[in-house]
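**Q** As a plain string of letters, each chain reads:
There are 2 protein chains.
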Amino acid sequence: MIKIAVDAMGGDFGPEVTLAGADKALERQPDIYFLLYGQEEICRPVLEKYPRLKDKSVFHHCDVAIRMDEKPSQALRRGRSTSSMWLAIEAVKTGEAHAAVSAGNTGALMAMSKFCLRMMAGVERPAIAGIWPTLKGESIVLDIGATIGADANQLLDFSLMGGAMARALFEVARPTVGLLNVGVEEIKGQEEVKEAGRLLREANLDTIDYFGFVEGDDLGKGTVDVVVTEGFTGNIALKAAEGTARQIAEYLKMAMSRSWLSKLGYILAKGAFDRIREKMDPRKVNGGVFLGLTGIVIKSHGGTDGEGYAAAIKVGYDMVRNGLLEKIEADLKKYKDLHLEEQATQDDKATG
Amino acid sequence: MIKIAVDAMGGDFGPEVTLAGADKALERQPDIYFLLYGQEEICRPVLEKYPRLKDKSVFHHCDVAIRMDEKPSQALRRGRSTSSMWLAIEAVKTGEAHAAVSAGNTGALMAMSKFCLRMMAGVERPAIAGIWPTLKGESIVLDIGATIGADANQLLDFSLMGGAMARALFEVARPTVGLLNVGVEEIKGQEEVKEAGRLLREANLDTIDYFGFVEGDDLGKGTVDVVVTEGFTGNIALKAAEGTARQIAEYLKMAMSRSWLSKLGYILAKGAFDRIREKMDPRKVNGGVFLGLTGIVIKSHGGTDGEGYAAAIKVGYDMVRNGLLEKIEADLKKYKDLHLEEQATQDDKATG
Numbered sequence: 001m002i003k004i005a006v007d008a009m010g011g012d013f014g015p016e017v018t019l020a021g022a023d024k025a026l027e028r029q030p031d032i033y034f035l036l037y038g039q040e041e042i043c044r045p046v047l048e049k050y051p052r053l054k055d056k057s058v059f060h061h062c063d064v065a066i067r068m069d070e071k072p073s074q075a076l077r078r079g080r081s082t083s084s085m086w087l088a089i090e091a092v093k094t095g096e097a098h099a100a101v102s103a104g105n106t107g108a109l110m111a112m113s114k115f116c117l118r119m120m121a122g123v124e125r126p127a128i129a130g131i132w133p134t135l136k137g138e139s140i141v142l143d144i145g146a147t148i149g150a151d152a153n154q155l156l157d158f159s160l161m162g163g164a165m166a167r168a169l170f171e172v173a174r175p176t177v178g179l180l181n182v183g184v185e186e187i188k189g190q191e192e193v194k195e196a197g198r199l200l201r202e203a204n205l206d207t208i209d210y211f212g213f214v215e216g217d218d219l220g221k222g223t224v225d226v227v228v229t230e231g232f233t234g235n236i237a238l239k240a241a242e243g244t245a246r247q248i249a250e251y252l253k254m255a256m257s258r259s260w261l262s263k264l265g266y267i268l269a270k271g272a273f274d275r276i277r278e279k280m281d282p283r284k285v286n287g288g289v290f291l292g293l294t295g296i297v298i299k300s301h302g303g304t305d306g307e308g309y310a311a312a313i314k315v316g317y318d319m320v321r322n323g324l325l326e327k328i329e330a331d332l333k334k335y336k337d338l339h340l341e342e343q344a345t346q347d348d349k350a351t352g
Numbered sequence: 001m002i003k004i005a006v007d008a009m010g011g012d013f014g015p016e017v018t019l020a021g022a023d024k025a026l027e028r029q030p031d032i033y034f035l036l037y038g039q040e041e042i043c044r045p046v047l048e049k050y051p052r053l054k055d056k057s058v059f060h061h062c063d064v065a066i067r068m069d070e071k072p073s074q075a076l077r078r079g080r081s082t083s084s085m086w087l088a089i090e091a092v093k094t095g096e097a098h099a100a101v102s103a104g105n106t107g108a109l110m111a112m113s114k115f116c117l118r119m120m121a122g123v124e125r126p127a128i129a130g131i132w133p134t135l136k137g138e139s140i141v142l143d144i145g146a147t148i149g150a151d152a153n154q155l156l157d158f159s160l161m162g163g164a165m166a167r168a169l170f171e172v173a174r175p176t177v178g179l180l181n182v183g184v185e186e187i188k189g190q191e192e193v194k195e196a197g198r199l200l201r202e203a204n205l206d207t208i209d210y211f212g213f214v215e216g217d218d219l220g221k222g223t224v225d226v227v228v229t230e231g232f233t234g235n236i237a238l239k240a241a242e243g244t245a246r247q248i249a250e251y252l253k254m255a256m257s258r259s260w261l262s263k264l265g266y267i268l269a270k271g272a273f274d275r276i277r278e279k280m281d282p283r284k285v286n287g288g289v290f291l292g293l294t295g296i297v298i299k300s301h302g303g304t305d306g307e308g309y310a311a312a313i314k315v316g317y318d319m320v321r322n323g324l325l326e327k328i329e330a331d332l333k334k335y336k337d338l339h340l341e342e343q344a345t346q347d348d349k350a351t352g
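As you go down the protein sequences, you meet chains H and W in turn.
Per our numbering, residue 1 is the first one in the first sequence, and the count goes up by one each step.
Per our numbering, residue 1 is the first one in the second sequence, and the count goes up by one each step.
In isolation and in its complexed conformation, chain H is listed as follows (with noise of 0.2 angstroms):
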């Protein structure tokens, strides 16, 4: 039995979402026992339309509700100990939960998760990964928002910790892994990546296959598995792609709706155009995972739907089934390892 805590109160919606969500999830994978955490008087009548999930979960009574427009420091002080999202958080740390899922602000949840659950050890700082869709199927990208700017050795964990994501999520034995840069030549762009290149390709892991430098366009061709960057930039790709995909479907709704005829040739064609809709579904890729705490926890988009918000559980449910967590400490440990005995190598080079 997988357990997940969900706070129940985060996003845009609420319960009316979140309840929703864990019922479809349920309905799906049906080894999930749900622990929830909101407000009683908002939550109990939306539980109560769902009595499957009610009998497959238990629900703790919590006095605060973090807001979507509230400063990570600020939630931090009016929450901690006593908001639904530090409460799922905290079921996480506790083993009471295996993950918790939230779809309140990025900024707090990413705070109190720092908190309560700490950092890895030998991971500085932490990532959130994405699952982007492609013409092959799904990458994994990373950093998409959790910290400005990274080094070349951030970059590095990242690139083992989006490794040991893919392995879990994709089941392949060895994933490809890029960095993101403005060209695939060695010299080009910022001394950061270079360097982190450096590291991969010395490194010469078997645990990811390092692929090399893509760029912005390789994203969505779906050239590597997993996609490497720091978080600024790696934010601002994604709500490009994003607002892309929104722009070129108001085209098309103007354009098929402009006449007779296109209206028309809409209504014939409309299999293929919700195959497309379908493929390019926010929702089916909903679902940030928090990289480099020692927790699971995933990130829902605040504006989503039950739908949206069942494919948010699943990543969480398929981290923990794939066991996440085990993958990145023994990556990282292998790559530490590798590096110390580099290291005594090179001692032995010195002192001998």
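What the hints contain is simulated information worked out from the structure, not anything from laboratory work.
Be aware that a few hints might be false.
One copy or any two copies: either way a pair holds, since identical chains are not told apart in the list.
Capping the alpha-carbon separation at 35 angstroms, the derived lysine-lysine pairs in DSBU-like fashion look like this [said to hold, decoys possible]:
hint, residue 1, residue 2
1, LYS49, LYS279
2, LYS336, LYS93
3, LYS93, LYS188
4, LYS136, LYS71
5, LYS279, LYS136
6, LYS188, LYS327
7, LYS334, LYS284
8, LYS93, LYS71
9, LYS253, LYS270
10, LYS253, LYS263
11, LYS93, LYS327
12, LYS221, LYS253
13, LYS221, LYS136
14, LYS279, LYS253
15, LYS194, LYS136
Assemble chain W onto chain H, guided by the hints.
**A** What follows is chain W alone, placed relative to chain H:
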């Protein structure tokens, strides 16, 4: 008469595209006179196909053509004073041409442009400004690849130069300018971006209307006339958006050819599809403008066709006609004067 120097050898297809593009441009802007630079034996036979262009141009032979994969330093060593790329730029320096256009390799073109034309007084670093199709029309985005990283003063220079370009291109009196960031709140993002925001707000300029921070999805929405960012993020955002557009086009193609019904629907709605294709046509927005130099240089996509090349020439033509350089110089001076006045006031306080 607007005189435009063309690097006829630049790009993936050389004179077949550049001369076809120049001829198309002449058809639409008959007051252009072209200075063509290229290898005689390759260009002459192509030029013979375009009597109109032959009549309204002068051809200069040169021995060297810069390769698409040449490093900037190598191109500068090998092609200085001898290559078609260099000679086109030099024509701008000597005043023989008002602007230069090249589809050659970006790094080499920028290195040669900086070397030959030098930076405009008071500008530290150049930027490449691109035209971005939006739901509202078009925006200007810079920097899309001239530099890596930028401090607050450089972002401020980019804002002023982008604003001047918007006035030259869109003929708006006081274009809106936004700084690309990971959130719209003042506390979010890179320090450089936050500092640039403070400078722009305090300056309260009458040449541009500082909007504040914008996010990646504001690019496609057309929230502001000018979006400012440093070159690493700008380049990746641009390519991520282009990649997404191609990805959706690919989905559409696959979906539309899947069944007889959808094929029929496609035929009926073909007019609508053509309109979307036209809206997203990268050839229409071809032409990156090098800003911050003492002359106008336009970079065309290397893989474009005659239609796209004509669009790049048109951008150069508009920049000349609408006095881009004069606008940039005046705006920079205005800001610097304002800044010095402020400093003098502060000196009063210090010494008074």
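**Q** Could you place LYS253 and LYS270 in one of the four classes (within, between, both, neither) given a Cα distance threshold of 35 angstroms?
**A** both (12 angstroms within a copy, 14 angstroms between copies)
**Q** With identical chains, the pair LYS279 and LYS136 could be close in the same copy or across copies; at 35 angstroms between alpha carbons, which is it: within, between, both, or neither?
**A** both (11 angstroms within a copy, 26 angstroms between copies)
**Q** How would you classify LYS253 and LYS263 at a CA-CA limit of 35 angstroms: within, between, both, or neither?
**A** both (10 angstroms within a copy, 18 angstroms between copies)
**Q** Pop the pair LYS49 and LYS279 into one bin, within, between, both or neither, using alpha-carbon distances up to 35 angstroms.
**A** within (31 angstroms within a copy, 47 angstroms between copies)
**Q** Since the copies are identical, ignore which copy is meant and state whether LYS93 and LYS188 lie within 35 angstroms (CA to CA) inside a copy, between copies, both or neither.
**A** So LYS93 and LYS188 pass the 35 angstroms test across copies only (29 angstroms; inside, 42 angstroms).
**Q** I want to check one pair: LYS93 and LYS71. Are their C-alpha atoms no more than 35 angstroms apart within a copy, between two copies, both, or neither?
**A** This pair counts as within: shortest intra-copy Cα distance 23 angstroms, inter-copy 53 angstroms.
**Q** Is the C-alpha distance from LYS188 to LYS327 at most 35 angstroms within one copy, between copies, in both cases, or in neither?
**A** Both. Shortest intra-copy (32 angstroms) and inter-copy (33 angstroms) distances satisfy the 35 angstroms Cα cut-off.
**Q** Is it within a copy, between copies, both, or neither that the alpha carbon of LYS221 lies no farther than 35 angstroms from that of LYS136?
**A** both (7 angstroms within a copy, 28 angstroms between copies)
**Q** Evaluate LYS221 and LYS253 at a C-alpha cut-off of 35 angstroms and name the case that applies: within, between, both or neither.
**A** both (25 angstroms within a copy, 15 angstroms between copies)
**Q** Given identical chains, is LYS279 near LYS253, meaning Cα to Cα at most 35 angstroms, within a copy, between copies, both, or neither?
**A** Intra 17 angstroms, inter 13 angstroms, cutoff 35 angstroms: intra and inter.
**Q** Is it within, between, both, or neither for LYS334 and LYS284, if the alpha carbons may be no more than 35 angstroms apart?
**A** within (33 angstroms within a copy, 51 angstroms between copies)
**Q** Regarding LYS194 and LYS136, is the shortest C-alpha distance of 35 angstroms or less found within a copy, between copies, in both, or in neither?
**A** within (27 angstroms within a copy, 38 angstroms between copies)
Violated hints: none; the structure is consistent with every hint.
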